[in-house]
Amino acid sequence: MRLSALKHRTGGDIAFTIGLVVTCVVVLFVTLYPIYFVIIASVSDPTMVATGRVWFIPQGISWFGYEQILADQRIWTGYRNTILYTVVGTAVNLLVTLPAAYALSRKEFSPRKVLMFFFAFTMFFNGGLIPMYLLLRDLNLLDNWLVFILPTAVNVYNLIIARAFFEHSLPEELFEAATIDGSNYFQFFLKMAVPLSMAIISVIGLYYLVQHWNDFFTGLVFVRDYDKQPLQIVLRDILISNQAFSGGAGGSGGSGGGSYAQQYADQIKYGVIVVSTLPVIVLYPFLQRYFEKGVLIGSVKG
Amino acid sequence: MTATLRGTTPARGAEPPRPPTRSRPRGTAALRRHVHRYWQLWVMALPAIGFVALFAYVPMYGLQLAFREFDFTAGLTGGEWVGLKYFEQFFDSPQFWTLMRNTVVISLTTLVVGFVAPIALALLVNQVVGRRRKRFMQTATYLPHFISIVVIVGMLQVFLSPSSGLITRVAEMIGFSGTNLLGDTSAFVPVYVISEVWQHAGWNSIIYLAALASVDPQLYEAARIDGAGRFTIIRHIDLPALVPTMIILFILNMGTVLSTGFEKIFLMQNPLNLGVSEVLATYVYKIGILSNQFSYGTAIGLFNTLINFTFLVVANQIAKRVSNTSLW
Chain A
1 MRLSALKHRT
11 GGDIAFTIGL
21 VVTCVVVLFV
31 TLYPIYFVII
41 ASVSDPTMVA
51 TGRVWFIPQG
61 ISWFGYEQIL
71 ADQRIWTGYR
81 NTILYTVVGT
91 AVNLLVTLPA
101 AYALSRKEFS
111 PRKVLMFFFA
121 FTMFFNGGLI
131 PMYLLLRDLN
141 LLDNWLVFIL
151 PTAVNVYNLI
161 IARAFFEHSL
171 PEELFEAATI
181 DGSNYFQFFL
191 KMAVPLSMAI
201 ISVIGLYYLV
211 QHWNDFFTGL
221 VFVRDYDKQP
231 LQIVLRDILI
241 SNQAFSGGAG
251 GSGGSGGGSY
261 AQQYADQIKY
271 GVIVVSTLPV
281 IVLYPFLQRY
291 FEKGVLIGSV
301 KG
Chain B
303 MTATLRGTTP
313 ARGAEPPRPP
323 TRSRPRGTAA
333 LRRHVHRYWQ
343 LWVMALPAIG
353 FVALFAYVPM
363 YGLQLAFREF
373 DFTAGLTGGE
383 WVGLKYFEQF
393 FDSPQFWTLM
403 RNTVVISLTT
413 LVVGFVAPIA
423 LALLVNQVVG
433 RRRKRFMQTA
443 TYLPHFISIV
453 VIVGMLQVFL
463 SPSSGLITRV
473 AEMIGFSGTN
483 LLGDTSAFVP
493 VYVISEVWQH
503 AGWNSIIYLA
513 ALASVDPQLY
523 EAARIDGAGR
533 FTIIRHIDLP
543 ALVPTMIILF
553 ILNMGTVLST
563 GFEKIFLMQN
573 PLNLGVSEVL
583 ATYVYKIGIL
593 SNQFSYGTAI
603 GLFNTLINFT
613 FLVVANQIAK
623 RVSNTSLW
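Just so you know, the sequences run in chain order A and B. So the first sequence is numbered by this note's numbering: it starts at 1 and just counts up by one. So the second sequence is numbered by this note's numbering: it starts at 303 and just counts up by one.
Calculated from the structure, these hints are not laboratory results. This structure is a prediction, so every number in the text was calculated from the model and none was measured. Do not rely on the hints blindly, as some may be mistaken.
Derived lysine-lysine pairs resembling BS3-like cross-links, with alpha carbons at most 27 Å apart [as the list claims (entries may be wrong)]:
(1) 387(B) - 588(B)
(2) 228(A) - 566(B)
(3) 622(B) - 588(B)
(4) 113(A) - 622(B)
(5) 228(A) - 588(B)
(6) 107(A) - 191(A)
Chain B on its own, in the form it takes in the complex:
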């Protein structure tokens, strides 16, 4: 009875105002009671909360270093306020546009190609008839995902070596002599992106295959009876079934658009390709850690994170408006 009364607005309005002390405990009192009753759950959650607070939120708090003059004695959050000095320094530096261009080119190419490839692969694998053959395709294509980045770059180097590399030799056989893809500035982005696809397309296709597995078989039968060929079925049944997953993954990838691949890009860098391979993330490492310009490095890092975050929010809003699918 009380529940129904409370549920309707006029009844709630008619209720006499209670003295604050008599009402349900709020704030710290409620928390204390909750902790007392469910202390075991709190004990279980606490280590994770502690680690995240320390190793994720304390660095966020330390971001104010971007607006301060780093002082060795004062540490993470000490030092004089200098406002936007370091941001201005970065925007005015000759490096700025090169870094922005390289970062955006590498990220957007990876985003687009790396987004399409797993979908295509999932559609392909899904067409394979027979459980065992399908599973073999899947297992084989996600094998490279487990190879470390260092080994991937090592493989690129031995395969692309101008003197003895496998790919160099194949290129010679089909008429491209004297190729040195490791030193060619126009080859850096293709080599980076193609090796990304090679490594991750199989793994990233798993989630799409799961979405395809949940398509109602009756849809296929109906399409078949209507005389649809297999391409038509892929276009009108399979692809639409993947759209919600595609949107979520696209938004998530969008949020990392500028911070992709620090490790791999760093490992692939050499003096010949630095003009196209230096990105914000590698620059932060060099400025901040290798040359100890902590405030400047933090400012560039924060700039990077803010742009990532903006991309994520924008992508999420667009997805929400266009298709009602969104992260939040």
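Okay, chain A solo, but in the shape it has when bound:
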């Protein structure tokens, strides 16, 4: 069997295979090496990182960066806020999106065509930043932690995916049988639709979760109070505005021994990248087996 398969191979095919393997290795390297480098640089001696002696193996293990990060109160406040916004926000998202998606998937719900247009239109046209800002101001949501939850309560794209899933993968006979057994829409939704749709619910839940975790815009535009800022705003200050040394370990890079301080600032940055990204990256492989199933059913027919 194998031999006959080999016989059919042409020289071109072998060259193709070699090219394929090389391309794959290059793609994997380009994708993963920056992430790997950040991790090893965060635990290496910053001087060795800065002078280019760290490539594949961490050199002169140093936990200085992490010590600074753990001592930095801003990171913890940001973390606490982001966890709060992510947990509450995702719960609200699912509570609003899933029932609506189910209702819109029912054929007897006759206004559904009109409603789908009502939802989908907002994907292509919106009021823009300033009217949104003024609306949130009128609603007293500026500087209010609910601004992280309420305006993004429904994501229309996720709603459409969930609706398509309910429509195509819940057999109508199931609903008829449940109705004969005396269940109403609420009961059917809770006892049948939700348990049978865990694949799509985890996908959408993960979308929402990542969206909240990475939300930088809301904090930037609508919140001034630093105690309410999410992790991403804190990260901006440390990573991009170079405010790494609030603890007083050195000036923020400026004059004098600038290059010396810069190495430590860089190590703190590497550490901050690891600390802030790890939770999301650790979480996603657990949910990823649902991806193909869930997203695809939704997107192909959406």
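Could you slot chain B onto chain A? The hints should help.
What follows is chain B alone, placed relative to chain A:
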């Protein structure tokens, strides 16, 4: 019997006109009856309808601010009508052409490169033999999608740092000394676009891989028997299989052509690159929120949205005519 009669036009014409009160309830009466019968479905849909009405449609209603003089006491829709004053002010401002050029250059480059890369990646991954190896390729390439924009820009800064950055050092090793990609105006767009591809190509390739997975295996066998090499198969079977998905995604991307990447561009801005990095979206933020020119900011934002919408409609019409695939 009645159903067939109603289905044909002459029969319907022959029906005696009914008095309006006897006919099927219409308008509010029909709605009331529907709500009464299916109130549970209405209860389930209502929160979502409410949130979208409030947070998407009220701001749309507030767009009239672009044609009014903002009055702090009158709020979102008050104030005197001033017509197109703020649009004229924007078109006449020295910023206008710079902003348009920057926005179009960044968006179109991202659109084209960001559109081709996932397709190429999907075709590549699809060639990998073995379920586990294929899955590993996929999982690894979409990992960066989960990294936040702030962290991505932070990584760009440490990697491109002129004193100690990894990429700067690699550039030196291959003979480019003194590179400062963060400060170089000609480097802004490439850095932006390449990092976009790095972050999103893997994730965006998932949908193409799904389309490839649904290709009939018999097509491959037939091509093989006819003596087609693997490149020929990719060109004549795989690529055509992706066309409908490509068109839909292209139209969707077209609609966001001018509003891409507010957050990332904003974070990547520094005094050195502002001449090429200031785009409509970041300008709206600075004018509207940071300097409180609400009407002017709304006008620029509306201009941006209208162009987006035009792009979307045009792309959709072209796709409809060329290939019969369209969003609506």
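Index of numbered hints that the structure contradicts, given in increasing order: 3
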